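Undergrad: What follows is each chain in one-letter form.
There are 2 protein chains.
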Amino acid sequence: MSKRPYNFYAGPAILPLDVMKKIQKEFLDFDGTGLSIVETSHRSKGFDTVMKQARERTKKIMNISDDYHVVFLQGGASLQFSMVAMNFMNGKKADYIHTGEWAKKAIKEGKTVGDVNIAASSEDKKFSCVPDTYNFSSDAQYVHLTSNETINGIQFQAFPDTGNVPLVADMSSDIMSRKINVNQFKMIYAGAQKNIGTSGVTLVVIHKDMVTRENAKLPTMLKYSTHIEKESLYNTPSVIGIYIVNLVLGWIVDNGGMEAIEKTNNEKAAVLYDYLDSTEFYYGLAEKQSRSKMNIVFRIKNNDLEDQFVEQAKANGFIGIKGHRSLGGLRASIYNAFPLEGVKDFISFMKDFEKKNG
Amino acid sequence: MSKRPYNFYAGPAILPLDVMKKIQKEFLDFDGTGLSIVETSHRSKGFDTVMKQARERTKKIMNISDDYHVVFLQGGASLQFSMVAMNFMNGKKADYIHTGEWAKKAIKEGKTVGDVNIAASSEDKKFSCVPDTYNFSSDAQYVHLTSNETINGIQFQAFPDTGNVPLVADMSSDIMSRKINVNQFKMIYAGAQKNIGTSGVTLVVIHKDMVTRENAKLPTMLKYSTHIEKESLYNTPSVIGIYIVNLVLGWIVDNGGMEAIEKTNNEKAAVLYDYLDSTEFYYGLAEKQSRSKMNIVFRIKNNDLEDQFVEQAKANGFIGIKGHRSLGGLRASIYNAFPLEGVKDFISFMKDFEKKNG
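Residue numbers (my numbering), protein chains in the order written: chain A, 27 to 384; chain B, 27 to 384.
No wet-lab data here; the hints were simulated from the structure. Incorrect hints may appear among the rest.
[As the list claims (entries may be wrong)] Covered by chain A, per the in silico footprint, the following chain B stretches (three or more residues, Cβ under 8 Å):
id, region
1, 98-108
2, 239-252
3, 260-271
[As the list claims (entries may be wrong)] Beta-carbon label-pair distances, calculated as ranges:
id, chain 1, residue 1, chain 2, residue 2, range
4, A, Glu52, B, Lys243, 43 to 49 Å
5, B, Asn116, A, Ser28, 46 to 52 Å
6, A, Lys152, B, Leu43, 20 to 26 Å
7, A, Glu52, B, Asn161, 50 to 56 Å
8, A, Lys78, B, Arg351, 17 to 23 Å
9, B, Leu43, A, Lys130, 45 to 51 Å
10, A, Lys130, B, Asn329, 58 to 64 Å
11, B, Ser374, A, Lys205, 56 to 62 Å
12, A, Leu43, B, Lys340, 53 to 59 Å
13, B, Thr159, A, Ile144, 53 to 59 Å
14, A, Lys78, B, Ser374, 36 to 42 Å
15, B, Ile144, A, Asp158, 38 to 44 Å
[As the list claims (entries may be wrong)] Okay, derived cross-link-like pairs now, DSS-like style, lysine-lysine, Cα gap no bigger than 25 Å in a straight line:
id, chain 1, residue 1, chain 2, residue 2
16, A, Lys85, A, Lys234
17, A, Lys118, B, Lys249
18, A, Lys348, B, Lys78
Every value quoted in this text rests on a predicted model; they were computed, and no experiment measured them. Think of the CB as a built atom: it goes at the ideal place given N, C-alpha and C, for glycine as much as any other residue.
Chain A with its partners taken away, still in its complex shape (with noise of 0.2 Å):
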């Protein structure tokens, strides 16, 4: 068997290994039944209780009250873009803030059926930070924010507050890594392939008064109460997707929650910052206020040396390091399975690379 590398891939991301030995154990006898996961009737006794599980996991985890509804859709934030745009907005007027690629896709589709308006952006800045300052709209139906954008690195430490208007939030990349206050958001969704899964599961947090208010008109898989009322279960959802999701938020809870993930994944995204502080070689992209702790995206001053510092960095067993095609550079995601070891281990490579190259 190949020797498992360091995995800094933005997503689909690195899983806890653990959970992936659980999967491949009971990969041909899931839950007693001599079937398959990936066999199994998603109106079966067994997928009843991990989805049940997960929802009552994802509300436990992230401390969600009885207000909102958890349901687990299909076609990633992508979707949501659209459907966000096609519930709540509808014809009207909705304000987005612009960070970065994720943010400039969600503006995007709700142009496509409402008035958008853009209460703040940084691209004046390259989106090398959130913005602070806020032209919200009085007759908004909703803000929209997108939490950490994986491509330039920059997260929302803390989100903006909106009044009476609901604050609609793309958590797909930092989704479960900290502790938020749900309560400030009348919705969250997210892909889980980052943080809490792998690809093919949209997680969806949303407000009851909300609900009430999405678009009776559209087509029934693309309103909200539709997966509501059937509990995740109007039509056949990604099976192993939603387990694999229910597996890994196991591994959160009995790793302490939120509060020691989030003292992780702090601590990971310190060191590495740090190092990148205390270097001429190297030099970080983000501004400091709103550093992502998902997504550390970097250069070396000698711009040349960047392909070559992918290739050894592979050779070393860290794979995924490039940065994203449309900016260049170089980006360590490290979402919650990322081991601080790993972290550790990887500063010490691009010590040696700079005392080879500097």
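Start from chain A and add chain B according to the hints.
TA: Positioned in the frame of chain A, the structure of chain B alone reads:
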């Protein structure tokens, strides 16, 4: 490990054991990377090969010409019900053939966006057969049919000639179970979870001419051109789902392709229907000319014995034999991966049950 039962579930359904053993074996090390497939980036070289292979195998198995695009989406047939109507009816008219529960769902979504004409229906026959006369509209944007209905167990043996009006088919429950002439259709879609994989993947085969008629004003994710242009990678797909589809398609090819698979499916259905026809104890619900080769729906003349039958079947290793909750009775779903031997064993059990209770 629990003994492997015969899995008669209507979907998610039985998959080839060899395929699942391969998934298990390489679960922690996909393509020699040292990573699991569930951690693998959809932009990686390894997954790129999987995606291309899945597309090519689909074209080969179904004998699809280059006039068609093959894409893999999320959201199941349920989302296709809406996407078809939103893209191609768009306020105008379409013809639908009503054959049961699944056709009804497609019709419901059609009605949310346009004028639906029921061109044929077997509702008056309690959906025990497919219609044989059609009342097509001259101004229909397309004709929609459901090739196989899982609940009442009926299947089109031949497809209607719709002239210049595009024929669109939901083949979720009999895709790649028999040879069909793809050129009769302008679009075919199917959830993967019965014959070609697990849930979370939708196969769409669409003619180039059809794509040009899509509704350009729709959100990006709801337009077929988006997924065609990006070769099913506009957004993160279900990586493990497509990986499994590709392996199942490989199994179909290795087992002789459509010709051999169809032959076995014919034989499986024939032995079971022949037995039903030979006894007074059980009876099939579908009319002979419309009998499904995928879902054999039957009853015991003395309906009261059915609960006992289901229970004893389960004790003997035959699971998922209970009919759909909306119809009651009994159902044996025998998709591609269900072995002939299993059908024969089941008939022995049925005979035995008849002897004890007849």
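Undergrad: For each hint, tell me whether it holds in the structure or not.
TA: Here's how the hints hold up against the structure:
1. A count of 8 residues in the region 98-108 of chain B with a Cβ less than 8 Å from any Cβ of chain A is obtained; the coverage claim is therefore met, three being the minimum.
2. Residue count for the region 239-252 of chain B with a Cβ under 8 Å from a Cβ of chain A: 6. That meets the three needed, and the coverage hint holds.
3. Chain A is given as covering the region 260-271 of chain B, and this holds because 9 residues of the stretch bring a CB closer than 8 Å to a CB of that chain, at least three being needed.
4. Judged by the Cβ atoms, the range 43 to 49 Å given for Glu52(A) and Lys243(B) holds: they are separated by roughly 47 Å.
5. Look at Asn116(B) against Ser28(A): about 50 Å separates their beta carbons, and that is inside 46 to 52 Å.
6. At roughly 54 Å, the beta-carbon separation of Lys152(A) and Leu43(B) lies outside the given 20 to 26 Å, and the hint is violated.
7. As the Cβ distance of Glu52(A) to Asn161(B) is approximately 52 Å, the hint placing it in 50 to 56 Å holds.
8. Hint check: Lys78(A) to Arg351(B), Cβ distance near 20 Å, so the stated range 17 to 23 Å holds.
9. Leu43(B) and Lys130(A) have their C-beta atoms about 46 Å apart, which keeps the hinted 45 to 51 Å range intact.
10. The supplied range of 58 to 64 Å is met by Lys130(A) and Asn329(B), whose beta-carbon atoms lie about 60 Å from each other.
11. At about 59 Å, the CB distance of Ser374(B) to Lys205(A) agrees with the hint of 56 to 62 Å.
12. Between Leu43(A) and Lys340(B) the beta carbon distance is about 36 Å. The supplied range of 53 to 59 Å is therefore violated.
13. The hinted window of 53 to 59 Å between Thr159(B) and Ile144(A) holds, with their beta carbons roughly 57 Å apart.
14. Between Lys78(A) and Ser374(B) the beta carbon distance is about 38 Å. The supplied range of 36 to 42 Å therefore holds.
15. Roughly 58 Å separates the CB atoms of Ile144(B) and Asp158(A), a value that falls outside the hinted 38 to 44 Å.
16. A hinted pair counts as satisfied when its Cα atoms are at most 25 Å apart, and Lys85(A) with Lys234(A) qualifies at roughly 15 Å.
17. A distance of roughly 22 Å separates the Cα atoms of Lys118(A) and Lys249(B); the hinted pair therefore holds under the 25 Å criterion.
18. About 24 Å separates the Cα atoms of Lys348(A) and Lys78(B), which keeps this hinted pair within 25 Å; it holds.
Of the numbered hints given earlier, the model fails hints 6, 12, 15; all others are met.
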